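Order-wise, the sequence lines are chains A and B.
Under numbering that gives the first Met the number 0, the first residue of the first sequence carries the number 0, and numbering increases by one thereafter.
Under numbering that gives the first Met the number 0, the first residue of the second sequence carries the number 0, and numbering increases by one thereafter.
To be clear, the hints were calculated from the coordinates, so they are not data collected in a lab.
The model shown is predicted, which means the values in this text are computed figures rather than measured ones.
Any given hint could turn out to be false.
Said to hold, decoys possible - Calculated cross-link-like contacts (lysine-lysine; reagent style DSBU-like; alpha-carbon spacing at most 30 Å):
| # | chain 1 | residue 1 | chain 2 | residue 2 |
| --- | --- | --- | --- | --- |
| 1 | B | K144 | A | K54 |
| 2 | B | K116 | A | K166 |
| 3 | A | K84 | A | K65 |
| 4 | A | K169 | B | K116 |
| 5 | A | K169 | A | K52 |
| 6 | A | K192 | A | K224 |
| 7 | A | K52 | A | K65 |
| 8 | A | K169 | A | K38 |
| 9 | A | K52 | A | K192 |
| 10 | A | K38 | A | K54 |
| 11 | A | K38 | A | K65 |
| 12 | A | K52 | B | K116 |
| 13 | B | K116 | A | K224 |
| 14 | B | K144 | B | K123 |
| 15 | A | K166 | A | K224 |
| 16 | A | K192 | A | K54 |
| 17 | A | K54 | A | K65 |
| 18 | A | K166 | A | K38 |
| 19 | B | K116 | A | K84 |
| 20 | A | K169 | B | K144 |
| 21 | A | K84 | A | K38 |
| 22 | A | K224 | A | K136 |
| 23 | A | K84 | A | K16 |
| 24 | A | K52 | B | K144 |
To be verified - Counterexamples of contact, computed for chain A against chain B with all Cβ distances above 10 Å:
| # | residue |
| --- | --- |
| 25 | D12 |
| 26 | Q31 |
| 27 | D49 |
| 28 | I59 |
| 29 | G63 |
| 30 | G98 |
| 31 | G147 |
| 32 | A213 |
| 33 | E215 |
| 34 | T219 |
| 35 | A226 |
What the hints assert, rightly or not - Distance ranges between label pairs, derived from CB positions:
| # | chain 1 | residue 1 | chain 2 | residue 2 | range |
| --- | --- | --- | --- | --- | --- |
| 36 | B | R10 | A | Q39 | 32 to 40 Å |
| 37 | B | N6 | A | N135 | 29 to 37 Å |
| 38 | A | L230 | B | G138 | 39 to 47 Å |
| 39 | A | P165 | B | D17 | 26 to 34 Å |
| 40 | A | T79 | B | L83 | 45 to 53 Å |
We treat Cβ as the ideally placed atom computed from N, Cα and C, and that holds for glycine.
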Amino acid sequence: MYAFTHHLASSVDDAVKTLGANGDAKFLAGGQTLLPTMKQRLAAPPHLIDLGKVKELRGIEVQGDKLVIKAMTRHYDVATSDAVKSFQPGLAELAGLIGDPAVRHRGTIGGSIANNDPAADYPAACLALGATIVTNKRRLEAEKFFTGLFSTALEDNEIVTSVEFPKADKFKYMKFRNPASRYAMVGVAVAKKGGEVRVAVTGAGSDGVFRWTAAEEKLTQNFDKRALEGLSIDPGTLNGDIHGSREYRAHLIGVMAKRAVAAA
Amino acid sequence: MPTVTMNVNGRQRSADIDPRTLLVQFLRENLRLTGTHVGCDTSQCGACVVHIDGEAVKACTTLALSCEGSNVLTIEGLANGNELHPMQEAFREHHGLQCGFCTPGMIMTAVDLVRRKGNNLDEKTIREELEGNLCRCTGYHNIVKAIAAGARNMSSMPQSKAAE
Ligand SMILES: Cc1cc2nc3c(=O)[nH]c(=O)nc-3n(C[C@H](O)[C@H](O)[C@H](O)COP(=O)(O)OP(=O)(O)OC[C@H]3O[C@@H](n4cnc5c(N)ncnc54)[C@H](O)[C@@H]3O)c2cc1C
Ligand code: FES
Ligand code: FES
Numbered sequence: 000m001y002a003f004t005h006h007l008a009s010s011v012d013d014a015v016k017t018l019g020a021n022g023d024a025k026f027l028a029g030g031q032t033l034l035p036t037m038k039q040r041l042a043a044p045p046h047l048i049d050l051g052k053v054k055e056l057r058g059i060e061v062q063g064d065k066l067v068i069k070a071m072t073r074h075y076d077v078a079t080s081d082a083v084k085s086f087q088p089g090l091a092e093l094a095g096l097i098g099d100p101a102v103r104h105r106g107t108i109g110g111s112i113a114n115n116d117p118a119a120d121y122p123a124a125c126l127a128l129g130a131t132i133v134t135n136k137r138r139l140e141a142e143k144f145f146t147g148l149f150s151t152a153l154e155d156n157e158i159v160t161s162v163e164f165p166k167a168d169k170f171k172y173m174k175f176r177n178p179a180s181r182y183a184m185v186g187v188a189v190a191k192k193g194g195e196v197r198v199a200v201t202g203a204g205s206d207g208v209f210r211w212t213a214a215e216e217k218l219t220q221n222f223d224k225r226a227l228e229g230l231s232i233d234p235g236t237l238n239g240d241i242h243g244s245r246e247y248r249a250h251l252i253g254v255m256a257k258r259a260v261a262a263a
Numbered sequence: 000m001p002t003v004t005m006n007v008n009g010r011q012r013s014a015d016i017d018p019r020t021l022l023v024q025f026l027r028e029n030l031r032l033t034g035t036h037v038g039c040d041t042s043q044c045g046a047c048v049v050h051i052d053g054e055a056v057k058a059c060t061t062l063a064l065s066c067e068g069s070n071v072l073t074i075e076g077l078a079n080g081n082e083l084h085p086m087q088e089a090f091r092e093h094h095g096l097q098c099g100f101c102t103p104g105m106i107m108t109a110v111d112l113v114r115r116k117g118n119n120l121d122e123k124t125i126r127e128e129l130e131g132n133l134c135r136c137t138g139y140h141n142i143v144k145a146i147a148a149g150a151r152n153m154s155s156m157p158q159s160k161a162a163e
């Protein structure tokens with residue numbers, strides 16, 4: 000790790016001000032991605048703004064027909080929250096599938112979506128449920144927020160403050176874990192709200208999380224796993240690596256999507 | 000150098016540290032509490048698991064400065080004087096270790112698991128919950144047995160002790 004100056008932020012304002020004064024600073028949330036990356040010297044921010052003590056960035060709240068999860072809320076808190084379990088049980092389940100118990104005690108939803116790892120779980124839920132990402136500056140639809148591998152629409156001087164999930168009638172996330180890293184080899188999130196169905200895929204896209212629109216059309220006509228029979232996805236748009244070829248991932252997407260629909 | 004202050008195993012500890020200092024380095028190098036191990040240093044193996052404010056975390060993936068004002072419990076703080084904690088005793092009794100390198104992390108993870116899931120743990124739950132702890136020796140079988148037994152024996156502990 001290269002040397003850095005550590006700033007313990009006391010509030011969102013304080014964090015943004017500190018960022019403004021130190022252009023090349025980075026926020027430290029749970030550190031479960033950033034610290035390993037810094038150890039590998041793949042990141043070397045000269046300033047770290049630690050959000051760990053910013054109370055206003057923690058918490059889960061149901062506001063009418065939406066669920067608001069603040070950025071520094073940990074995966075463990077989402078997985079065990081009664082509010083999340085009754086609002087959208089599949090989202091609590093998803094959080095409980097991230098990494099391992101110790102990772103879930105530190106990793107946060109804000110860190111996960113800001114990082115936008117192509118194998119991360121939350122981005123799939125955000126896309127399928129049509130979440131809104133709230134920052135200190137604006138509100139962004141998930142579709143506009145995730146812009147590619149490890150990249151988002153976040154600008155300089157912008158901090159994610161919360162994620163808002165509208166209610167869906169049905170939601171299920173099915174994940175095929177990489178047995179070593181525990182990230183998704185393929186994860187498929189399916190959401191149904193009224194007549195609209197959305198299917199989001201993580202772990203597989205060569206450009207990160209994406210919506211599988213062909214499956215959405217079939218499922219809109221008939222929300223049954225049999226509707227996906229015979230539907231395939233072009234491996235050319237997928238990512239192949241030592242863990243699995245593109246073709247293997249294409250196959251897994253079909254299997255995980257059917258399981259998600261059957262269990263939704 | 001900035002100063003960090005935290006409570007470790009019931010004692011207030013304070014030191015001037017390089018901001019890069021990981022919690023595990025602070026424990027091992029500043030405080031000489033070498034029971035917490037570094038296996039992988041890449042957040043995978045769980046040999047470094049300690050409790051921060053009662054919850055299991057990987058001390059190799061936490062900055063010491065982030066623990067300002069926190070309560071940290073390490074394997075050294077688990078026993079009651081000469082009397083082993085029930086989870087430690089269960090690992091001894093059931094041969095839950097061979098070389099012992101992974102053991103502090105296994106035990107700290109197991110105690111946290113009992114806090115979250117109670118005293119009656121089935122094999123499937125224990126194996127799932129050990130997702131983040133690797134052992135190169137035992138094949139896990141006796142670790143799973145030890146945790147089930149330790150969890151049961153923790154039910155006779157006074158509440159406050161069991162929660163630590
Ligand atoms: C062993 C292991 C297994 C894992 N398995 C999985 C898995 O199965 N699925 C999965 O999805 N993830 C997995 N993760 C990643 C984990 O979920 C991380 O917690 C998460 O990706 C990053 O969250 P964090 O809070 O730790 O963020 P950090 O690591 O602190 O930060 C990540 C990035 O986001 C930025 N950032 C953080 N918060 C904000 C904010 N509020 N606004 C703007 N930018 C911000 C930081 O500057 C940094 O660039 C795993 C990690 C480990 C170590
Ligand atoms: S040393 Fe921390 S997880 Fe391996
Ligand atoms: S006992 Fe040797 S690594 Fe587990």
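For each hint, the structure was consulted:
no. : hint                        : in the structure
1   : B/K144 x A/K54              : violated, 40 Å
2   : B/K116 x A/K166             : holds, 29 Å
3   : A/K84 x A/K65               : holds, 13 Å
4   : A/K169 x B/K116             : holds, 28 Å
5   : A/K169 x A/K52              : violated, 35 Å
6   : A/K192 x A/K224             : holds, 17 Å
7   : A/K52 x A/K65               : holds, 26 Å
8   : A/K169 x A/K38              : violated, 41 Å
9   : A/K52 x A/K192              : violated, 37 Å
10  : A/K38 x A/K54               : holds, 28 Å
11  : A/K38 x A/K65               : violated, 38 Å
12  : A/K52 x B/K116              : holds, 27 Å
13  : B/K116 x A/K224             : violated, 34 Å
14  : B/K144 x B/K123             : holds, 11 Å
15  : A/K166 x A/K224             : holds, 22 Å
16  : A/K192 x A/K54              : violated, 33 Å
17  : A/K54 x A/K65               : holds, 21 Å
18  : A/K166 x A/K38              : violated, 39 Å
19  : B/K116 x A/K84              : holds, 17 Å
20  : A/K169 x B/K144             : violated, 39 Å
21  : A/K84 x A/K38               : violated, 36 Å
22  : A/K224 x A/K136             : violated, 41 Å
23  : A/K84 x A/K16               : violated, 36 Å
24  : A/K52 x B/K144              : violated, 38 Å
25  : D12                         : holds, 20 Å
26  : Q31                         : violated, 6 Å
27  : D49                         : violated, 6 Å
28  : I59                         : holds, 17 Å
29  : G63                         : holds, 31 Å
30  : G98                         : violated, 7 Å
31  : G147                        : holds, 25 Å
32  : A213                        : holds, 34 Å
33  : E215                        : holds, 32 Å
34  : T219                        : holds, 35 Å
35  : A226                        : holds, 32 Å
36  : B/R10 x A/Q39: 32 to 40 Å   : holds, 34 Å
37  : B/N6 x A/N135: 29 to 37 Å   : holds, 33 Å
38  : A/L230 x B/G138: 39 to 47 Å : holds, 42 Å
39  : A/P165 x B/D17: 26 to 34 Å  : violated, 45 Å
40  : A/T79 x B/L83: 45 to 53 Å   : violated, 30 Å
Checked against the numbered hints above, the structure breaks hints 1, 5, 8, 9, 11, 13, 16, 18, 20, 21, 22, 23, 24, 26, 27, 30, 39 and 40 and satisfies the rest.
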